[in-house]
Amino acid sequence: MTDLLLPPDEASLAEAVREASAARLPLAIEGHGTRRASLRPVQAARTLSTRGLTGITLNKPAELVLSARAGTPMPEIEAALAAQGQMLPAEPPDFSALFGADRPATLGGMVAAHLSGPRRIGPGGALRDQVLGVRAVTGDGEVIRSGGRVHKNVTGLDLCKLLAGSHGTLGVLTEITLKLAPRPEGSLTLAVRVAELAAGVRALSAGLGSPFGVSGAALLPRGAPALGLDGPVALLRLEDFLQFLPHRAGALRGLLDGHGAVSLVEGEDSLALWRAVRDAALLEAAPEQAVWRLSVKPTAAPGVARTLEDSFGARLLLDWGGGLVWVAGPATEAAHRAVMAAAQAARGTFTLFRAPDSLRAAVPVVPDEPAALAAIGARVKAVMDPMGILNPGRLRA
Amino acid sequence: MIELPPPNPAVLARRAEIVAALRALVPDTALGHGVIGDETRLKAYETDGLSAYRQPPLAVVLPTSTAQVAAVLRYCHQNGIRVVPRGAGTSLSGGALPLADAVVIGLMRMNRILEVDYDNRLAVVEAGVTNLGITQAVAAEGFFYAPDPSSQLACMIGGNVMMNSGGAHCLKYGVTANNLLGVTFVTIEGEVIEIGGGHLDAAGYDWLGLITGSEGQLGLVTEVTVRILRAAEGARAMLAAFRSNEVAGQVVDAIIGSGIIPVALEFMDRPAIHACEAFAHAGYPLDAESLLIIEVEGNLEEQDILLGKLKEICGRFDPISLRVAETAEESLAIWKGRKGAFGAVGRISPDYLCMDGTIPTGELPHVLRRIGEMSESYGLQVANIFHAGDGNLHPLIMFDANDPESFRKAEAFGADILKLCVEVGGCLTGEHGVGVEKRDLMGVQFTRAELDRQRAIKSAFDPAWLLNPAKVFPLDGLPAAATTPRAA
Numbered sequence: 001m002t003d004l005l006l007p008p009d010e011a012s013l014a015e016a017v018r019e020a021s022a023a024r025l026p027l028a029i030e031g032h033g034t035r036r037a038s039l040r041p042v043q044a045a046r047t048l049s050t051r052g053l054t055g056i057t058l059n060k061p062a063e064l065v066l067s068a069r070a071g072t073p074m075p076e077i078e079a080a081l082a083a084q085g086q087m088l089p090a091e092p093p094d095f096s097a098l099f100g101a102d103r104p105a106t107l108g109g110m111v112a113a114h115l116s117g118p119r120r121i122g123p124g125g126a127l128r129d130q131v132l133g134v135r136a137v138t139g140d141g142e143v144i145r146s147g148g149r150v151h152k153n154v155t156g157l158d159l160c161k162l163l164a165g166s167h168g169t170l171g172v173l174t175e176i177t178l179k180l181a182p183r184p185e186g187s188l189t190l191a192v193r194v195a196e197l198a199a200g201v202r203a204l205s206a207g208l209g210s211p212f213g214v215s216g217a218a219l220l221p222r223g224a225p226a227l228g229l230d231g232p233v234a235l236l237r238l239e240d241f242l243q244f245l246p247h248r249a250g251a252l253r254g255l256l257d258g259h260g261a262v263s264l265v266e267g268e269d270s271l272a273l274w275r276a277v278r279d280a281a282l283l284e285a286a287p288e289q290a291v292w293r294l295s296v297k298p299t300a301a302p303g304v305a306r307t308l309e310d311s312f313g314a315r316l317l318l319d320w321g322g323g324l325v326w327v328a329g330p331a332t333e334a335a336h337r338a339v340m341a342a343a344q345a346a347r348g349t350f351t352l353f354r355a356p357d358s359l360r361a362a363v364p365v366v367p368d369e370p371a372a373l374a375a376i377g378a379r380v381k382a383v384m385d386p387m388g389i390l391n392p393g394r395l396r397a
Numbered sequence: 001m002i003e004l005p006p007p008n009p010a011v012l013a014r015r016a017e018i019v020a021a022l023r024a025l026v027p028d029t030a031l032g033h034g035v036i037g038d039e040t041r042l043k044a045y046e047t048d049g050l051s052a053y054r055q056p057p058l059a060v061v062l063p064t065s066t067a068q069v070a071a072v073l074r075y076c077h078q079n080g081i082r083v084v085p086r087g088a089g090t091s092l093s094g095g096a097l098p099l100a101d102a103v104v105i106g107l108m109r110m111n112r113i114l115e116v117d118y119d120n121r122l123a124v125v126e127a128g129v130t131n132l133g134i135t136q137a138v139a140a141e142g143f144f145y146a147p148d149p150s151s152q153l154a155c156m157i158g159g160n161v162m163m164n165s166g167g168a169h170c171l172k173y174g175v176t177a178n179n180l181l182g183v184t185f186v187t188i189e190g191e192v193i194e195i196g197g198g199h200l201d202a203a204g205y206d207w208l209g210l211i212t213g214s215e216g217q218l219g220l221v222t223e224v225t226v227r228i229l230r231a232a233e234g235a236r237a238m239l240a241a242f243r244s245n246e247v248a249g250q251v252v253d254a255i256i257g258s259g260i261i262p263v264a265l266e267f268m269d270r271p272a273i274h275a276c277e278a279f280a281h282a283g284y285p286l287d288a289e290s291l292l293i294i295e296v297e298g299n300l301e302e303q304d305i306l307l308g309k310l311k312e313i314c315g316r317f318d319p320i321s322l323r324v325a326e327t328a329e330e331s332l333a334i335w336k337g338r339k340g341a342f343g344a345v346g347r348i349s350p351d352y353l354c355m356d357g358t359i360p361t362g363e364l365p366h367v368l369r370r371i372g373e374m375s376e377s378y379g380l381q382v383a384n385i386f387h388a389g390d391g392n393l394h395p396l397i398m399f400d401a402n403d404p405e406s407f408r409k410a411e412a413f414g415a416d417i418l419k420l421c422v423e424v425g426g427c428l429t430g431e432h433g434v435g436v437e438k439r440d441l442m443g444v445q446f447t448r449a450e451l452d453r454q455r456a457i458k459s460a461f462d463p464a465w466l467l468n469p470a471k472v473f474p475l476d477g478l479p480a481a482a483t484t485p486r487a488a
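If you read the protein sequences in the order shown, they are chains A and B. UniProt numbering applies: residue 1 is where the first sequence begins, and numbers increase by one. UniProt numbering applies: residue 1 is where the second sequence begins, and numbers increase by one.
Looking at chain A on its own, in the form it has when it is part of the complex (with noise of 0.2 Å):
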């Protein structure tokens, strides 16, 4: 058991990692540590975490804003926008079970590790895109702030963009303040049961090429027996004012005929639904095995599907249009090549988002820079963490 330190605010926060660095003594930094089995194992003896540091300081519901410190569970943030009628557009999702945890990621862990869910095909979607500021306490243990608490902000170098998927490497998130969105009044799911997944990638850019605003489109290779969905299957979402929604199903099933036969999912099952796409249950994992993440252009992952398919019995879900893969297959080095250089030969990208220790440790867990990008990586990490003591070698040995 490594040591934990749990500082109480922020200011005690960067005292303890001003002494991390003088002394260089690496630190391993997470929330409530949900993730602590994605990518590569932290070498360091002591964890820093967010987890004291908690809290809505800010709400302002007419002004579409929200700032809260880095340990706040992310449920309760979202409770507290459920009752003001409003949600984060991003719809992060809650990889606990995936991750057997028992407690629920922070609000500092997701945006920190970038983390999106179905609603990241719109331009809307993306966290990082929410995030309109931060504060955080440097590898040198300063205090910087970037961005604020607007909405349009082109003010200086964007460091929150830095911050957020740097996964704790370049600085500690100790507070965020996000963009919200009302919350639709309504929402249903169009399921078309496709052929195969070339055919329900097709549905999905047809579905996603419309005007009637899809902002969901998953495709299951298995289809959701639950529902009695059989086979692979194309989820398109829709959301907004109850009235409309009918008039847009109606309009939405036209375009999809000839793609496959229709199913309507509403209410309840269609939320369920899309809570398991966001949190990756309907992947379906098994315990002992790896979890990639690969993203990709939507056209490219039948391709990428069926080579993990054949290379090692992959199982899949797919999102965001199709472009979003998640592979569960055997936590082995020659499963991991195999993702690898499919992500590659499909020009996209790749994490090794859930593996035991060993695998993690042997591989890389997200691609290799060209060397001129990682030099300046290295350069801008030295600028953030000049001792190097911010969660060493989470990303990349």
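None of these hints come from the bench; they were simulated from the model. Among the hints, a few may not be true.
Claimed, not checked - With a straight-line cut-off of 25 Å between C-alpha atoms, the simulated PhoX-like cross-links for lysine-lysine are: (1) B/Lys-172 - B/Lys-309; (2) B/Lys-172 - A/Lys-60; (3) B/Lys-409 - B/Lys-419; (4) B/Lys-336 - B/Lys-172; (5) A/Lys-60 - B/Lys-311; (6) B/Lys-309 - A/Lys-60; (7) B/Lys-172 - B/Lys-339; (8) B/Lys-339 - B/Lys-311; (9) A/Lys-60 - B/Lys-339; (10) B/Lys-43 - B/Lys-172; (11) B/Lys-309 - B/Lys-336; (12) B/Lys-336 - B/Lys-311.
To be verified - Derived, one-sided and incomplete: chain A residues facing chain B with beta-carbon distance under 7 Å: (13) Phe-244; (14) Arg-347; (15) Val-380.
From a predicted model like this one, the values you see are computed outputs, not experimental measurements. Note that the Cβ used here is the ideal one computed from N, Cα and C, for glycine as well.
Using the hints provided, position chain B relative to the given structure of chain A.
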């Protein structure tokens, strides 16, 4: 006046040799000279949309390929020559203002649309394609490129990426950053790096997000992969006029609180209403203190329902007039005044500064009151146009450019407005960028330590500070590498 650093005499002295070397890298083509070196023709590049500042560059290079851009950057890097990237030169913050010892790299000849992919809803274009040009290329299939800055007819996607440009419709569709998938990035050393592509999200650091809006400080972008979206079935606008700015501010809050996100929500104050009406005869009510233009999208029935709800909300606030467009033509008539706002103000006053701060929307009445007081004390007129849904305020300060005192006052007035924006919880710039214009105000928004960290990140990309120097970061506090005369 904003100070520009003294040119490096060693570079100026080598001008003929530098021009000759650049000509070897970027030869003339059927389109014209690859390199412009003579003084009369350099005048065409001496300024951008911030025309109060003018400075012809050392030379202008007009490459036609990424390889040429890389070669020019490599040469400039090896020879310690500063570089100013330029798209269409429409920056309102002086982002493309040359320096006397700098080479301008103009990307306007890289204007090919390389790929349109409707299945994956993306287009790959060169940096010199205009913003509207992307939409025009895909409009026949019912698609569009969403961010729509006022200059969209002229401004280029490369410049949009560098400034993270917005527009009137970003309330629904987001700014440039939301609509990008990838760029071809060229470093100051001349390395060509593909960042992103047809997929969403990076697995490592979000370089695309950092580069977007970096104002040419980190490198150049020569090709861009953008999202294209299917256009809504239709759109219609309504106009609502109110008796005070306070009331209009409450209406904005009530609309957002109702769960409706209009595709556009534009605010104009009394001087803006009068200027636009005199110019465009759009039928704006001249007895109103403030006016909202609200646009919704959807099919006809959905438009009717949304406009009905909005009309009901506006009706609760004692409007002077409410006009709902029944047809697309009537929508255009409502927009006509707003779209002509810059021309309209230009008719009242030959010279104006277009400011660009953002404020929390709830602060609008307070901020407009303070701007009104400043207008009186400076003795300069101001008209306010505001993207009300996202808090982005555009005060147009009118002055007389032939009177240096008037210009000095206008700049001071503008600076006071931006300081006010920061004071109420907003920021210096919502979509125009810092450029030279707001460079010296950065200390109002950021601490010295925060600016040092941003400067150090620039240094990580551009150690010798050759890329678009004297922009974004105040000149005091620059690292030694930025101010030491370089070998030439």
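For each hint, the structure was consulted:
1. B/Lys-172 - B/Lys-309: holds, 18 Å
2. B/Lys-172 - A/Lys-60: holds, 19 Å
3. B/Lys-409 - B/Lys-419: holds, 15 Å
4. B/Lys-336 - B/Lys-172: holds, 21 Å
5. A/Lys-60 - B/Lys-311: holds, 24 Å
6. B/Lys-309 - A/Lys-60: It holds: about 22 Å lies between the C-alpha atoms, which stays within 25 Å.
7. B/Lys-172 - B/Lys-339: Within the cut-off at roughly 19 Å; holds.
8. B/Lys-339 - B/Lys-311: This hinted pair holds, its Cα atoms lying about 22 Å apart.
9. A/Lys-60 - B/Lys-339: violated, 31 Å
10. B/Lys-43 - B/Lys-172: violated, 40 Å
11. B/Lys-309 - B/Lys-336: holds, 24 Å
12. B/Lys-336 - B/Lys-311: holds, 21 Å
13. Phe-244: Where the cut-off is 7 Å and the nearest Cβ of chain B is about 5 Å from A/Phe-244, the hint holds.
14. Arg-347: holds, 6 Å
15. Val-380: holds, 5 Å
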